[in-house]
Amino acid sequence: MTTAALSSNPAPAILPGSGGLRGALSDLFWRKPKVLLLLMLLPPVLWLGIVYIGSLFALLAQSFFSIDEFSGLINREFTLKTYGDLFQAANLDIILRTVTMAALVTLASAVIAFPIAYYAARYARGRWKALFYLGIMLPLWSSYLVKIYAWKLILAKEGILTWLLAKLHLLWVLDAWLSLPIVGGNSLSVSFTGTFIVFVYVWLPFMILPVQAALERVPGNLVEASSDLGASPGQTFRNVLFPLALPGIVAGSIFTFSLTLGDYIIPQIIGTSRLFIGQAVYSQQGTAGNIPLAAAFTVVPIVIMGFYLWGAKRMGAFDAL
Amino acid sequence: MRSDGSQSAPLGLKIAAACGLLFLHLPILLIFVYAFTTEEKSFVWPPPGLTTQWFAVTWNRPDVWQALSLSVRVAAISTAIALVLGTLCSAAVSRTKFFGRETISLLVILPIALPGIITGIALRSAFSLADIPFSFWTIVLGHATFCVVVVYNNAVARFRRTSGSMIEASMDLGADGFQTFRHVVLPNIATALLAGGMLAFALSFDEVIVTTFTAGQQQTLPIWMLEELIRPRQRPVTNVVAMVVVLVTLLPILAAYYLTRDGDQIAGSGK
Numbered sequence: 001m002t003t004a005a006l007s008s009n010p011a012p013a014i015l016p017g018s019g020g021l022r023g024a025l026s027d028l029f030w031r032k033p034k035v036l037l038l039l040m041l042l043p044p045v046l047w048l049g050i051v052y053i054g055s056l057f058a059l060l061a062q063s064f065f066s067i068d069e070f071s072g073l074i075n076r077e078f079t080l081k082t083y084g085d086l087f088q089a090a091n092l093d094i095i096l097r098t099v100t101m102a103a104l105v106t107l108a109s110a111v112i113a114f115p116i117a118y119y120a121a122r123y124a125r126g127r128w129k130a131l132f133y134l135g136i137m138l139p140l141w142s143s144y145l146v147k148i149y150a151w152k153l154i155l156a157k158e159g160i161l162t163w164l165l166a167k168l169h170l171l172w173v174l175d176a177w178l179s180l181p182i183v184g185g186n187s188l189s190v191s192f193t194g195t196f197i198v199f200v201y202v203w204l205p206f207m208i209l210p211v212q213a214a215l216e217r218v219p220g221n222l223v224e225a226s227s228d229l230g231a232s233p234g235q236t237f238r239n240v241l242f243p244l245a246l247p248g249i250v251a252g253s254i255f256t257f258s259l260t261l262g263d264y265i266i267p268q269i270i271g272t273s274r275l276f277i278g279q280a281v282y283s284q285q286g287t288a289g290n291i292p293l294a295a296a297f298t299v300v301p302i303v304i305m306g307f308y309l310w311g312a313k314r315m316g317a318f319d320a321l
Numbered sequence: 001m002r003s004d005g006s007q008s009a010p011l012g013l014k015i016a017a018a019c020g021l022l023f024l025h026l027p028i029l030l031i032f033v034y035a036f037t038t039e040e041k042s043f044v045w046p047p048p049g050l051t052t053q054w055f056a057v058t059w060n061r062p063d064v065w066q067a068l069s070l071s072v073r074v075a076a077i078s079t080a081i082a083l084v085l086g087t088l089c090s091a092a093v094s095r096t097k098f099f100g101r102e103t104i105s106l107l108v109i110l111p112i113a114l115p116g117i118i119t120g121i122a123l124r125s126a127f128s129l130a131d132i133p134f135s136f137w138t139i140v141l142g143h144a145t146f147c148v149v150v151v152y153n154n155a156v157a158r159f160r161r162t163s164g165s166m167i168e169a170s171m172d173l174g175a176d177g178f179q180t181f182r183h184v185v186l187p188n189i190a191t192a193l194l195a196g197g198m199l200a201f202a203l204s205f206d207e208v209i210v211t212t213f214t215a216g217q218q219q220t221l222p223i224w225m226l227e228e229l230i231r232p233r234q235r236p237v238t239n240v241v242a243m244v245v246v247l248v249t250l251l252p253i254l255a256a257y258y259l260t261r262d263g264d265q266i267a268g269s270g271k
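Chains as they are written, first to last, in our numbering: chain A, 1 to 321; chain B, 1 to 271.
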């Protein structure tokens, strides 16, 4: 009887296709996942491909054009002349100055970031851990311009730093520093020292986060084993901690280095009148109207970062990101 | 470094870490004091007196309101575009393995990995080659491009923790693809998307480098601030605006943190 009932009214092994356009689409996506994948990928890839990659190629193409020195018009013919202009003494100076600044900023960020990252990774627990996390995240996400503005307030001649040093009777230190060539100036807010401090301040969180991530992966018993075997804290740091944290430091340095290379706002607001790469790009494309030279200038940080990333990859820095 | 299990840090490390955190926070706190100073012409410290009159002055400045409104509109639309593109991309990348998957991740991250000035001047030269005039939409185009990565990072982290078998179970129980998306996928990724969206909003609201290249004559709030920094007109108004900007960006960051803190991957670590 039951077999008869079953055979007379067989349950469908496969559900019937649902009706309507919506059902048909849903069935199609189920049967052919590749169609769904393609539909999902198409909008973002088209957007990024056309808007971003397209623009990058437009920029690259412009760097092979040249500017007619008499009419100021852009000559749209292939030439390497613009790249040759990069090697004029003034332009080489700009590149060298920017790379030196980027290297110093990276070094200082690493030194300041390490204790914060180490404490957060090894000693902070529970509520303190959350506090450290927010303590790094909030300055990272605070408005970039407001941070620069805050330093304009601090470094101004009549500002809080001068006041503090005066109270401590240490003004002579500041005056001695400002009278030095290159790093000095009329006041800190118009000197390379000021530019340097602000760069370090603004990019510091970008260094802390990867170093902390790398340190969190160091097992605590490695450090203990090292001291059990008789190493002093200094030796443990040099031979155990530092080599293990190095990929994190390199990962962080990618950010501090690259961001310093491309920035044009910080040296414009706090610094001397001598240009950095970013400012050179900005003034070439703006007031000078020399877009080919501006484009060639932007290739410099791209090439430097290309080599940098290549080296960082060999050191395994990407695992620490 | 004793092995008796005590977790107390060496004093030197404590001091260095505390100094580092103070270095990160004191400058921002200073902004709050300067918003109340009575001094108009210079950045003199300590402030000669305290007043709240500059809040009223700022409130009645039409240029500030215009800049704020443009910034909010740009950020809202860029965030919406970034949400759609970022979610689609993360869903595709995390659900299936396909040829060129790494390239797609790189493509998403590139606009934020390269210095902003390169993105900015690249967009500008593309606009000039294609004869596109500057408008509201040229700003949005730039912002949406680098906001995708924030949404993408958050959504990918969440997809990684969401088991794919739930989707299969939903389909086995007879739900069609759209029902599965609406009732199974969306509730699972909703808080990650919200967090990503807030971070994208904060990123766009604050962005200045790319915007200087794509804005033409219009002023977003950061562009307004930049103008004030280069050619100060009324310093007290800038002080007040700076303080408000700090408060406005603080809220989405805190919200994004609380929305995603249960996971191992927390929003915002990759600005």
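No lab work stands behind these hints, which were simulated from the structure alone. One thing to keep in mind: the hints can contain errors.
Cut-off 20 angstroms, straight-line C-alpha distance, at most; resulting in silico cross-link-like pairs (EDC-like, lysine to aspartate or glutamate) [stated by the list, open to error]: (1) A/Lys34 - B/Glu39; (2) A/Lys152 - B/Glu168; (3) A/Lys152 - B/Glu227; (4) A/Lys157 - A/Asp175; (5) A/Lys147 - B/Glu102; (6) A/Lys81 - A/Asp93; (7) A/Lys152 - B/Glu102; (8) A/Lys129 - A/Asp68; (9) A/Lys81 - A/Glu69; (10) B/Lys97 - B/Glu168; (11) A/Lys34 - B/Asp176; (12) A/Lys147 - B/Glu228; (13) B/Lys14 - A/Glu216; (14) A/Lys152 - B/Glu39; (15) A/Lys157 - B/Glu102; (16) A/Lys32 - B/Glu40; (17) B/Lys14 - A/Asp93; (18) A/Lys34 - B/Glu168; (19) B/Lys41 - A/Glu158; (20) B/Lys41 - B/Glu227; (21) A/Lys313 - B/Glu102; (22) B/Lys41 - B/Glu228; (23) A/Lys157 - B/Glu39; (24) A/Lys157 - B/Glu228; (25) A/Lys34 - A/Glu69; (26) A/Lys32 - B/Asp176; (27) A/Lys32 - B/Asp131; (28) A/Lys81 - A/Asp68; (29) A/Lys147 - A/Glu158.
Here are the simulated distance ranges between beta carbons [claimed, not checked]: (30) B/Met166 - A/Arg274: 27 to 37 angstroms; (31) B/Met166 - A/Leu21: 23 to 33 angstroms; (32) A/Arg127 - B/Arg182: 50 to 60 angstroms; (33) B/Ile230 - A/Lys32: 35 to 45 angstroms; (34) B/Val33 - A/Lys129: 42 to 52 angstroms.
Glycine residues also receive a C-beta, built at the ideal position from the N, C-alpha and C atoms.
Results of checking the hints against the structure:
In summary, the hint linking A/Lys34 to B/Glu39 is not supported, as the alpha carbons are separated by about 65 angstroms, beyond the 20 angstroms threshold. Only pairs whose Cα atoms come within 20 angstroms are accepted, and A/Lys152 paired with B/Glu168 is rejected, the gap being roughly 57 angstroms. The hinted pair formed by A/Lys152 and B/Glu227 meets the criterion: a straight-line CA distance of about 14 angstroms does not exceed 20 angstroms. In summary, the hint linking A/Lys157 to A/Asp175 is supported, as the alpha carbons are separated by about 11 angstroms, within the 20 angstroms threshold.
The suggested pairing of A/Lys147 with B/Glu102 is violated, with an alpha-carbon distance near 35 angstroms, which exceeds 20 angstroms. Taking the CA atoms of A/Lys81 and A/Asp93, the gap is about 19 angstroms. The hint holds against a cut of 20 angstroms. Note on A/Lys152 and B/Glu102: the hinted pairing is violated, with a Cα-Cα distance of about 42 angstroms set against a maximum of 20 angstroms. Taking the CA atoms of A/Lys129 and A/Asp68, the gap is near 59 angstroms; set against the 20 angstroms cutoff, the hint is violated.
Restraint check for A/Lys81 and A/Glu69: the C-alpha separation of about 12 angstroms stays at or below 20 angstroms, so the hint holds. In summary, the hint linking B/Lys97 to B/Glu168 is supported, as the alpha carbons are separated by about 17 angstroms, within the 20 angstroms threshold. Between A/Lys34 and B/Asp176, the direct Cα distance comes to roughly 17 angstroms. Compliance with the 20 angstroms bound is thereby established for this hinted pair. For the proposed pair A/Lys147 and B/Glu228, the alpha carbon gap of about 14 angstroms is at most 20 angstroms, so the pair holds.
Pair hint B/Lys14 plus A/Glu216 holds up; C-alpha atoms about 17 angstroms apart against a cutoff of 20 angstroms. Taking the CA atoms of A/Lys152 and B/Glu39, the gap is about 15 angstroms. The hint holds against a cut of 20 angstroms. For the given pair, A/Lys157 sits about 51 angstroms from B/Glu102 by alpha-carbon distance, which is inconsistent with the 20 angstroms threshold. A threshold of 20 angstroms between alpha carbons decides the hint, and for A/Lys32 with B/Glu40 the separation of about 68 angstroms lies outside it, so the pair is violated.
Restraint check for B/Lys14 and A/Asp93: the C-alpha separation of about 41 angstroms exceeds 20 angstroms, so the hint is violated. Our distance criterion of 20 angstroms between C-alpha atoms is met by A/Lys34 and B/Glu168, whose separation comes to about 16 angstroms. For the hint pairing B/Lys41 with A/Glu158, the CA-to-CA distance comes to about 11 angstroms; that is within 20 angstroms, so the pair holds. Using a Cα cut-off of 20 angstroms, the hinted pair B/Lys41 and B/Glu227 holds, with the two alpha carbons roughly 17 angstroms apart.
For the hint pairing A/Lys313 with B/Glu102, the CA-to-CA distance comes to about 15 angstroms; that is within 20 angstroms, so the pair holds. Restraint check for B/Lys41 and B/Glu228: the C-alpha separation of about 13 angstroms stays at or below 20 angstroms, so the hint holds. Simply put, A/Lys157 and B/Glu39 have alpha-carbon atoms about 15 angstroms apart, close enough for the 20 angstroms limit, and the pair holds. Distance hint between A/Lys157 and B/Glu228 is fulfilled; the C-alpha atoms sit about 19 angstroms from each other, no more than 20 angstroms.
About 54 angstroms separates the Cα atoms of A/Lys34 and A/Glu69, which puts this hinted pair outside 20 angstroms; it is violated. With a C-alpha separation of about 14 angstroms, the suggested pairing of A/Lys32 with B/Asp176 holds against the 20 angstroms cut-off. A distance of roughly 41 angstroms separates the Cα atoms of A/Lys32 and B/Asp131; the hinted pair therefore is violated under the 20 angstroms criterion. Distance restraint check for A/Lys81 and A/Asp68: the Cα-Cα separation of roughly 11 angstroms lies within the 20 angstroms cut-off, and the hinted pair is therefore satisfied.
Annotation: proposed proximity of A/Lys147 to A/Glu158 holds, straight-line Cα distance about 19 angstroms (limit 20 angstroms). The hinted window of 27 to 37 angstroms between B/Met166 and A/Arg274 is violated, with their beta carbons roughly 59 angstroms apart. Remark: the range hint 23 to 33 angstroms for B/Met166 to A/Leu21 is upheld by a beta-carbon distance near 26 angstroms. The given range of 50 to 60 angstroms is broken by A/Arg127 and B/Arg182, whose C-beta atoms sit roughly 38 angstroms from each other.
The given range of 35 to 45 angstroms is broken by B/Ile230 and A/Lys32, whose C-beta atoms sit roughly 56 angstroms from each other. Distance hint check for B/Val33 and A/Lys129: the Cβ-Cβ separation is about 30 angstroms, which falls outside the suggested range of 42 to 52 angstroms.
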